[in-house]
Every structure is written in C-alpha cells, then in structure tokens.
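There are 2 protein chains.
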Amino acid sequence: MTVFSYEQLFSFTEKIFLSIGCSEADANIATKALIAADMRGIDSHGVARLTGYVRLWEAGRVNAKPDIRIVHETPSTAVVDGDAGLGLVVAPFAMQVAIGKAKKAGTGWVSVRNSNHFGIAGYHAMMALEQDMIGMAMTNASALVAPTFSVERMLGTNPIAVAIPAKEQPAFVADFATTTAANGKLELLQRKNAETPYGWVQDKEGHASTDANILKKAGALLPLGSDREHGSHKGYALGSIVDIFSAVLSGASYGPWAPPFPAYVPMPENMPGEGLGHFFGAMRVDAFRPADEFKQHMDNWITRFRSAKPSEGHEKVLIPGDPEREMEIIRSKEGIPLVDSVVAELKTVGQKFSVVL
Amino acid sequence: MTVFSYEQLFSFTEKIFLSIGCSEADANIATKALIAADMRGIDSHGVARLTGYVRLWEAGRVNAKPDIRIVHETPSTAVVDGDAGLGLVVAPFAMQVAIGKAKKAGTGWVSVRNSNHFGIAGYHAMMALEQDMIGMAMTNASALVAPTFSVERMLGTNPIAVAIPAKEQPAFVADFATTTAANGKLELLQRKNAETPYGWVQDKEGHASTDANILKKAGALLPLGSDREHGSHKGYALGSIVDIFSAVLSGASYGPWAPPFPAYVPMPENMPGEGLGHFFGAMRVDAFRPADEFKQHMDNWITRFRSAKPSEGHEKVLIPGDPEREMEIIRSKEGIPLVDSVVAELKTVGQKFSVVL
Chain A
1 MTVFSYEQLF SFTEKIFLSI GCSEADANIA TKALIAADMR GIDSHGVARL TGYVRLWEAG
61 RVNAKPDIRI VHETPSTAVV DGDAGLGLVV APFAMQVAIG KAKKAGTGWV SVRNSNHFGI
121 AGYHAMMALE QDMIGMAMTN ASALVAPTFS VERMLGTNPI AVAIPAKEQP AFVADFATTT
181 AANGKLELLQ RKNAETPYGW VQDKEGHAST DANILKKAGA LLPLGSDREH GSHKGYALGS
241 IVDIFSAVLS GASYGPWAPP FPAYVPMPEN MPGEGLGHFF GAMRVDAFRP ADEFKQHMDN
301 WITRFRSAKP SEGHEKVLIP GDPEREMEII RSKEGIPLVD SVVAELKTVG QKFSVVL
Chain B
1 MTVFSYEQLF SFTEKIFLSI GCSEADANIA TKALIAADMR GIDSHGVARL TGYVRLWEAG
61 RVNAKPDIRI VHETPSTAVV DGDAGLGLVV APFAMQVAIG KAKKAGTGWV SVRNSNHFGI
121 AGYHAMMALE QDMIGMAMTN ASALVAPTFS VERMLGTNPI AVAIPAKEQP AFVADFATTT
181 AANGKLELLQ RKNAETPYGW VQDKEGHAST DANILKKAGA LLPLGSDREH GSHKGYALGS
241 IVDIFSAVLS GASYGPWAPP FPAYVPMPEN MPGEGLGHFF GAMRVDAFRP ADEFKQHMDN
301 WITRFRSAKP SEGHEKVLIP GDPEREMEII RSKEGIPLVD SVVAELKTVG QKFSVVL
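So the protein lines, in turn, are chains A and B.
Quick note on my numbering: the first sequence kicks off at 1 and runs consecutively.
Quick note on my numbering: the second sequence kicks off at 1 and runs consecutively.
Certain hints may be false.
Since copy identity is lost for identical chains, a pair holds within one copy or between any two.
[What the hints assert, rightly or not] Within a straight-line C-alpha distance of at most 25 Å, the following computed PhoX-like cross-link-like pairs (lysine-lysine) qualify:
#: 1; residue 1: Lys-104; residue 2: Lys-352
#: 2; residue 1: Lys-103; residue 2: Lys-167
#: 3; residue 1: Lys-309; residue 2: Lys-295
#: 4; residue 1: Lys-15; residue 2: Lys-104
#: 5; residue 1: Lys-15; residue 2: Lys-309
#: 6; residue 1: Lys-192; residue 2: Lys-204
#: 7; residue 1: Lys-216; residue 2: Lys-352
Hint data in this document are derived by calculation from the structure and do not stem from the laboratory.
Being a predicted model, the structure only gives us computed values, none of them experimental.
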C-alpha cells in the first residue's frame, strides 16, 4: 500500500490522457471525473481503471479525439453521440446538455450512445447541484448479472445516481449498482481470498454460491434483492430500466450485447447499437417550488432522518452520500492509498509514455 | 371466496363513489383505476381498499368534489394541488398534465401535493403507452419502513412504476414497492397464520423477525435488499428518492409525517406539507429516436431476455409486467375472486348507501 496526494494522482493521470492524444481540455475533464472516485472511496472506479482505459485505446475502441455531438433534440431532451470517446469526457458533455435544457424547459434528459465506461455515476449527477438542480446519471455496462430465474448474464451492474441539493446540510447523493453487491466488492474479497455472503452471486447453473471468483467460472452477479423471495425481480427491473433508458433510447448496444470493459474480451456478435449507453437528467428545483423553500425542506428531511433512533450496534442512521463525503474529507487530508498491484500497473503504463508516478 | 365479474365490481364501486358525492366523471375515473388492480392480481390495492377510502371520506380527509389544479409550471414541469381528492382521481389528472407537457416539450414531470392513496402506480404509468411515451409513476405513503440501521419507521413502501412501449411484444411494465416485500404480502401471510421469510421485517428493537403481524407491534418493513450486507441501503435510497420527488418537490407531507391510510390512525403532528405526494413522468419516445425504431428494438430486447436460459425449476425468464398481464387475461375470462372478509366489508359499506353487491 502506498499513499498518494490528490495532486500526484491528478498530474500523473492527466499526463497519461494527454499521451494517448486527448486535448488538454478533455484530459483535464477526464482526470477530474476519474480521481473523484478515488477521493470518494470508490477505489474500483478510480485510477485503478486507468490501465484499462489505455488498453481500450490501444485496441482502437476508445477515440481520444472524439467529435461528441447532439444528433437529435427537443426542448427538454437530446441524444448525444459520443463518437467512441472516453465516457469520462462524453458524460460531462451530456450532463451539461441536460443542465442547459433544464435552464430553459425546467428539466433536461439526455440519452447517450457510442460511449465508454464513464467512471462513477455520482460525479456526473452532482454536476447539477451547484445550479440548484436535481441531477441523475445512469449507465449500462457489460453483462455480468443474471435476471431472476436466468442462468445467463444479461445485464451490467447498471448503476443509478441521484443528487439532490439541500441548504445548510450536505446534498443527498445516492449512487449504487442495481445489484446486491457491485463487482468492486468481489475484487476486494478475491484479494483477501475470502468468500462472499450468500445472495451476491450464483454459479453457472444458477445455484447459490459464495465463490468470489465465480464470474471467471461463468457465474453471475445477482440483482438487488438476491432471490425472488427477497425481491430480486425488482433489482432486475431496475437494471433493465437503466439499460433501456441508456441504450435503447439512444441507439447504444444493450443487454447482453453491451461492449465489455476488458480490451482482451472479444466484442459481442450482432451488436444492435453503438458502444455503451448512458442516461442523464437535470431538474431545476424551482421548476417545482421556490429553490430556497425546497432546500429548507431538504434540510428538515435530512435532519429528521439522521436523528432517527438507530438500532443496536449502530451509532446513527446515514443519509445517502454520507460515507463518500466523509471519505473525501479524510482523503483530502491524508491522501489516497493504492494497493501494490495497482501502483505496479500504473508504473508500467507510465513507463510506456515516459510519465513517472 | 366469491367470484365477481369485472362489470359487477365496476358497477358497485362506481355507485359507491357516486354515493360519497363524486361527479360522474370522477367516479368513473376512480373506478377504472381501482379495479385495474384487481384485474392485474394486486388484490391488496383493488376493491379491498374501497372501504378504507369511504372511511377517509367520513373522517373528512377525502374531498369528493376536489378542485384539482396546476399551481406552478414550466414547459416540462408542473406542480398539481389535489385539493384532498381521491388519489384515484388526482393521479390520472396529473398524468394527463405530464403527457400534455411531453407532447410539446419532449417530456413532462409532475409533482403532486395534497392527495391521497392512488391505487397501483402501474395503472397511471401505463396511461403513457398509447401515446408512444414512457410513463413513470411513484408515490409516498405512510411510514412503515425502517431505513438501514434505524429502528424507527421513516418511509412508506413508496412504489415506482415504469411503463415502456414495444411494437409487437406487450409493453415492459415494472411496478414495485421499494421494500423487500409489499405490505399486501404480509396481509396474505397473516390470513394463513404463516411466518414471513427472514429479511422482510424487523421487530421494534431492529432485530430480525419472521412475525407477519410485526407491524402491529411497532416493527417495520425492510427496504429492498433486507440488510446492509445485501444492499438495504440501496432500497432505502430508492424509497427516499420517491419520497423527495413526490413530497418535498410538491409541498406534500414527507417521511414519517406522511398521512396514514387507516382513518382511525391520528394524523402526525407538525406536518411539513399537505397530504400525500405523487410524482409522474412522461417521455415521448420520439423525443429521442423515431418511435418505430425504438419499439422494434424494445421487441428485440424483450425477445432476447425472454429467451435467456432459465435456471433449474423455472420454465422461463419473465419480463416485468408478464405476471400481471397474464393475470388480467385469466380474470377477464374467469372473473375476480374476493375473499369472504372483503366481500362482507363491501356488503356493509354498500348497505350504508343502499347499493347492492
């Protein structure tokens, strides 16, 4: 484990993005989005992914100089073609389009095709907060999840993020995979040689499993709810809605045809659309009631929930976004710890472009 | 158990709504929304609730002649004040506003205050389908659900419905409570004197429980995910988003202050808003891509998911909405079975107004 400052990781990452041919503006935008994940403690989606992005670029699947553009629009909607750019660049573009639409029409909704992995959904949703807007972000992803009653993997972990501004209180920021546990949690257990709890994964025949390596053995992640009796059909529905809003609305590749993140995995055959899909929303709070009034009530909502009587062994009831915000405070003081395998990978990719970590 | 035809229940229910003073148009609208639940097999939200609505009217909490009106709007948003009307009447009004906005601006989003229980969310979301729109409906409800780490009940079962049109295939219709199990499932188990599975409820100290009567003993329903290890913080976030979109955006009463459905339960003190809140959305499919193209891809999505390899003991993988649609076909042929206690209650309320079931 080595600890890096925000500035160290930022500078390194930005240079790598410049090295693969990104413009200065795009390298900066992508780096901000990527390191936000490390700062918020979502280590699986931060610089640990940088090597993967470079490999996708090497494989010709990421376009470092994309012509990102609106291909269809109405007063409150748009479809954006990401031109195979980094999702870390395409997503902020599309979210700005949603915010711009909301300024005029009250809300803005943007579906994106022909993109790539966009980092953490929460970062993009939170762009709306400073405009006194509610922000939403979701994305489809390569199929690792088996719907209820299925042994086949049909959906990605398809996260949903919703960011809602408050007044004195910190914003409400939900950001979660529509599975019981995100893939990053399996990776943590693999490193420790530990098992998963029941309800996270199933084996290739659809039987309950606790094997943290089961995805390498044709097993699958389970939708939020784990099994039918505990509501997995609801998690399956949520993941499906994310897939349809992100990819069927935009013309991206959906369901089992979503492009895989690892560059060595061959692309699915007969893809019904282009690249990954995302979906963004921005709703101006004052399109519903005066912004100050809304934010005062959000403060009241947050304060009341935070003061709910906690159950035994728990100090307090949390508000969505609390753990990530607390981690951000800690890491801005103490730096970002990276495990040795990630540091080694980053050094290797750095050598390729003569960039020192 | 007695079996009734759709027409029998429709005629009886409509007469009851007329008897409490609803206009002919409103009685018709409310009856359609209510019986849709029975037809789709969601028995807890159909005519079984009629007696409850009448009691709310008797308690002065339902206004049979509401002046439902838009109190604020932008090109793509509106806030509707339900004037304490039946949710069964207020919700279709608000959904029509959303659809009207979508026709002009691409999408329409309506938050509703000062309403009451609106039946099943799916019915309202499905109103968008015939316009080639995606429909969304959600509502807050009185607090029965304990957030992760809480022993206090802070949220309702807060359902989310999303209806998405297809071409030859039937529409995708997700409609689910953001809890592991809806309250109606507990009621079924109570009647059978059966226990719940672990993960559905907790007792008043926050300990795991299998007691189907636990809500009467200050226990609570659990958010989708059941416990922290299985993602209950995600179900808690979803229920919170529904509460905030439905009630904080509109000025309805939120969180633990949402008004209770049973008329004998006293109203919470210091309510921060008026009545229950709902949230509706309509997105024109062709605000994103040509409607026919979208619907063809939805057919492809549905067909592919339905043909996913099923796990042992299951015939096929279902699409959200399949079970309810199949039930609707059966009940339109064979009628709607009602348990004796519901029939007795309906007969009693009928006698009050000289309406015969």
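- [ ] Find the hints from earlier in the document that the structure breaks and name them by number, from lowest to highest.
- [x] 1, 4, 5 and 7
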